[in-house]
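Chemist: In case you want the letters, here they are:
There are 2 protein chains.
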Amino acid sequence: MKTRRVFLQRASLSAMALTVPVLNPFSVMADQISEYAKDSKTLRVAIMGLGSYGTRVAEAIQSCQRTKLVGVISGTPSKVVAWREKYGIPEKNCYNYENFDAIKDNPDIDAVYVITPNALHKDQVIRVAKAGKHAICEKPMAVNAADGQAMVEACKAAGVHLLIGYRMHFEPNTLEVIRMRKAGEFGDIRFFQGLSGFTIGDPTQWRLDPKLSGGGAMMDIGIYSINGARYMIGEEPIWVTAQEVKTNPEKFKEGIDETITFQLGFPSGVIASCLSTYNMNNLDRFYLNGSKGWAEMQPSTGYGPIKGETNKGPLTEPIVTHQTVQMDEMAAIIFDGKKPEVPVDGEEGVKDMKIIDAIFKAVETGEKVLLNLS
Amino acid sequence: MKTRRVFLQRASLSAMALTVPVLNPFSVMADQISEYAKDSKTLRVAIMGLGSYGTRVAEAIQSCQRTKLVGVISGTPSKVVAWREKYGIPEKNCYNYENFDAIKDNPDIDAVYVITPNALHKDQVIRVAKAGKHAICEKPMAVNAADGQAMVEACKAAGVHLLIGYRMHFEPNTLEVIRMRKAGEFGDIRFFQGLSGFTIGDPTQWRLDPKLSGGGAMMDIGIYSINGARYMIGEEPIWVTAQEVKTNPEKFKEGIDETITFQLGFPSGVIASCLSTYNMNNLDRFYLNGSKGWAEMQPSTGYGPIKGETNKGPLTEPIVTHQTVQMDEMAAIIFDGKKPEVPVDGEEGVKDMKIIDAIFKAVETGEKVLLNLS
Numbered sequence: 001m002k003t004r005r006v007f008l009q010r011a012s013l014s015a016m017a018l019t020v021p022v023l024n025p026f027s028v029m030a031d032q033i034s035e036y037a038k039d040s041k042t043l044r045v046a047i048m049g050l051g052s053y054g055t056r057v058a059e060a061i062q063s064c065q066r067t068k069l070v071g072v073i074s075g076t077p078s079k080v081v082a083w084r085e086k087y088g089i090p091e092k093n094c095y096n097y098e099n100f101d102a103i104k105d106n107p108d109i110d111a112v113y114v115i116t117p118n119a120l121h122k123d124q125v126i127r128v129a130k131a132g133k134h135a136i137c138e139k140p141m142a143v144n145a146a147d148g149q150a151m152v153e154a155c156k157a158a159g160v161h162l163l164i165g166y167r168m169h170f171e172p173n174t175l176e177v178i179r180m181r182k183a184g185e186f187g188d189i190r191f192f193q194g195l196s197g198f199t200i201g202d203p204t205q206w207r208l209d210p211k212l213s214g215g216g217a218m219m220d221i222g223i224y225s226i227n228g229a230r231y232m233i234g235e236e237p238i239w240v241t242a243q244e245v246k247t248n249p250e251k252f253k254e255g256i257d258e259t260i261t262f263q264l265g266f267p268s269g270v271i272a273s274c275l276s277t278y279n280m281n282n283l284d285r286f287y288l289n290g291s292k293g294w295a296e297m298q299p300s301t302g303y304g305p306i307k308g309e310t311n312k313g314p315l316t317e318p319i320v321t322h323q324t325v326q327m328d329e330m331a332a333i334i335f336d337g338k339k340p341e342v343p344v345d346g347e348e349g350v351k352d353m354k355i356i357d358a359i360f361k362a363v364e365t366g367e368k369v370l371l372n373l374s
Numbered sequence: 001m002k003t004r005r006v007f008l009q010r011a012s013l014s015a016m017a018l019t020v021p022v023l024n025p026f027s028v029m030a031d032q033i034s035e036y037a038k039d040s041k042t043l044r045v046a047i048m049g050l051g052s053y054g055t056r057v058a059e060a061i062q063s064c065q066r067t068k069l070v071g072v073i074s075g076t077p078s079k080v081v082a083w084r085e086k087y088g089i090p091e092k093n094c095y096n097y098e099n100f101d102a103i104k105d106n107p108d109i110d111a112v113y114v115i116t117p118n119a120l121h122k123d124q125v126i127r128v129a130k131a132g133k134h135a136i137c138e139k140p141m142a143v144n145a146a147d148g149q150a151m152v153e154a155c156k157a158a159g160v161h162l163l164i165g166y167r168m169h170f171e172p173n174t175l176e177v178i179r180m181r182k183a184g185e186f187g188d189i190r191f192f193q194g195l196s197g198f199t200i201g202d203p204t205q206w207r208l209d210p211k212l213s214g215g216g217a218m219m220d221i222g223i224y225s226i227n228g229a230r231y232m233i234g235e236e237p238i239w240v241t242a243q244e245v246k247t248n249p250e251k252f253k254e255g256i257d258e259t260i261t262f263q264l265g266f267p268s269g270v271i272a273s274c275l276s277t278y279n280m281n282n283l284d285r286f287y288l289n290g291s292k293g294w295a296e297m298q299p300s301t302g303y304g305p306i307k308g309e310t311n312k313g314p315l316t317e318p319i320v321t322h323q324t325v326q327m328d329e330m331a332a333i334i335f336d337g338k339k340p341e342v343p344v345d346g347e348e349g350v351k352d353m354k355i356i357d358a359i360f361k362a363v364e365t366g367e368k369v370l371l372n373l374s
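Protein chains in written order, with the UniProt record's numbering: chain A, 1 to 374; chain B, 1 to 374.
Hints are computed from structural coordinates only; laboratory data are not their basis. There may be inaccurate statements among the hints.
Note that identical chains are pooled: a pair holds if it fits in a single copy or bridges any two copies.
Claimed, not checked - List time: in silico DSBU-like cross-link candidates among lysine-lysine, alpha-carbon distance up to 30 Å:
| hint | residue 1 | residue 2 |
| --- | --- | --- |
| 1 | Lys-246 | Lys-292 |
| 2 | Lys-246 | Lys-368 |
| 3 | Lys-41 | Lys-92 |
| 4 | Lys-68 | Lys-104 |
| 5 | Lys-307 | Lys-253 |
| 6 | Lys-368 | Lys-251 |
| 7 | Lys-253 | Lys-368 |
Let the sequences and hints guide you as you build the complete structure.
Modeler: Written as structure tokens, this is what we have:
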């Protein structure tokens, strides 16, 4: 199966126009399989939390070169049955939230991808670490920086990797803009603008329950502008100011932010002006302004395709399935010690959590909150 | 001459594709001249301040239907000579800054358009009013709201109009977006973003001298985002927060703002997030987001052409010379009592000045400043 997956992934990357999949795996010649894929170890992953994003990741893994979905952790037996059938997962690799510590005795699972409500991440990741498995944790890594730091320390103590699901860090057009910025093609960076939001539906979902989400739009979607400001500008912010507006306090209860505008100040004098909202139609825009050029991306962080333009023309990097690339890159980080262009480790996640903590404090106090992320 | 100007203006408005001007005025038939133009009084204007923007206005007036440049007020005799020759201005309509109060005895001038450094507007407008002439004042109307209010009162006491040079209030694509918003085509407005800025050159110019400008980028270019937020959203802000960044204190001295991000809160919960800067390459973008649609303009306030798009497609209103339309509309306001779609009177100018005062206070105190513009 792996051979065919490798070929399909290669085909989809190299020939974007090819929409009819090659169905005969025997047509794959040995030299079409990259040395990389041949020599590298496959990351065997269990997904914890079989919701809509977990489903998306599972589907994306099917196109991976060196990542395989081998297990599940779920509180819903019917979902486990469905996933076992769909992905050929052996029963011995299926756990629930009570018994998953036993994963430590399972030699066929390398890592657990935690895709559960935010407030559960901390304890779940620490349990994964204690079971001796690498932890991949969906963003936001936690509901505050202290919890994030505890996760980092637990994984360090257990000698396992903690990686955060920052799929944009591997997205080709995003990386091209970062490359251009590093090469000085935009000159001195002056301004970044991030607009991240959408109109959230079902008011009963966990994302609108502060006990499970730890916050509203900021935790879920605003974090893209926070993280984007950092990787687009290439500095760490030193202060933050923020303003909240709530038009529907019934839907967006105490502890659930509806709309927040926030500003980040950076050491060089760059300023980032961002919007996080659960109450506007799809907003997914980044804009980077420098003394010599600019980049604009829209959509900038959606599932794809990411589109953008710079002063030099449209961005034309390959369109990829973000989660497919993310998982294979994470395999390389874990097994080969690869250093990604933009970090995805726990420390990176803690930085975003510190900024979110500061944004909430700035909203509460109305004051500029200083940051120290170094 | 007027007849030909009328025809040319009409031709340029009604047949955008026509680029070869009709050179024979005798070809104009009587019925091609609008009733409006035939019956209406011509606004005879003197320009005070013959700098680059004064020059632009003078050129634009040449295409007006019912506005005529008839006089100048300048401290530079050589400029007066050049303008007299170029525009056929009689010597008796030429004044300097010492003697222009004598304009009150000149029956051939209806209005003075004050296009001088900001800090001079107040005294000059009050002198114009006392001379019994209508005052048109370039934006910003003054260096603070108190001065603006004094100007409003002086003009009221003198029984003359005070109009502010808000050329965008007459720009067709801008008016189309306002029409769509009023018609509910964007649904409930949720968010406005205005980016207004450019990299300012010559450090010795009056705009960088706080005694003459009363402020930096905010007074000059940031005001477009302030004013734009109000006419695009259609409400008056109730609070403001602001953050300043200064990377070049040598060029941007005390009292001259380089870059300010500011946020305006509106009664309905709409939030505006804006940027004002003298330190970034041309930034001229408006974005309006509603529950059913959106509008985006870029350039949004430059001299034109204004370009934009809404959820319904590109904006396709006629391209006009802003100052030409502005002056003829101001003639209609003054002589016909016409009410423009968006006000351009002194009270409108004071509202923007109150917001600028509040932005500077918010920068200074770091606090949210409440506004009462009603």
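Chemist: For each hint, tell me whether it holds in the structure or not.
Modeler: For each hint, the structure was consulted:
Taking identical chains as interchangeable, the C-alpha atoms of Lys-246 and Lys-292 lie at most 30 Å apart only when they sit on different chains, with a minimum of 19 Å there against 38 Å within one chain. Proximity of Lys-246 to Lys-368 under the C-alpha cut-off of 30 Å is found in both arrangements, the shortest distances being 20 Å within a copy and 16 Å between copies. Proximity of Lys-41 and Lys-92 under a CA criterion of 30 Å is satisfied intra-copy only: 22 Å inside one chain copy versus 92 Å between copies. Only within a single protomer do Lys-68 and Lys-104 lie at most 30 Å apart by alpha-carbon distance; the minimum there is 18 Å, versus 88 Å between protomers.
Proximity of Lys-307 to Lys-253 under the C-alpha cut-off of 30 Å is found in neither arrangement, the shortest distances being 34 Å within a copy and 40 Å between copies. Taking the shortest alpha-carbon separations for Lys-368 and Lys-251, both the intra-copy value of 28 Å and the inter-copy value of 26 Å come in at or below 30 Å. Proximity of Lys-253 and Lys-368 under a CA criterion of 30 Å is satisfied in both settings, with 25 Å inside one chain copy and 23 Å between copies.
In this structure, only the earlier hint numbered 5 is contradicted, and the remaining ones agree with it.
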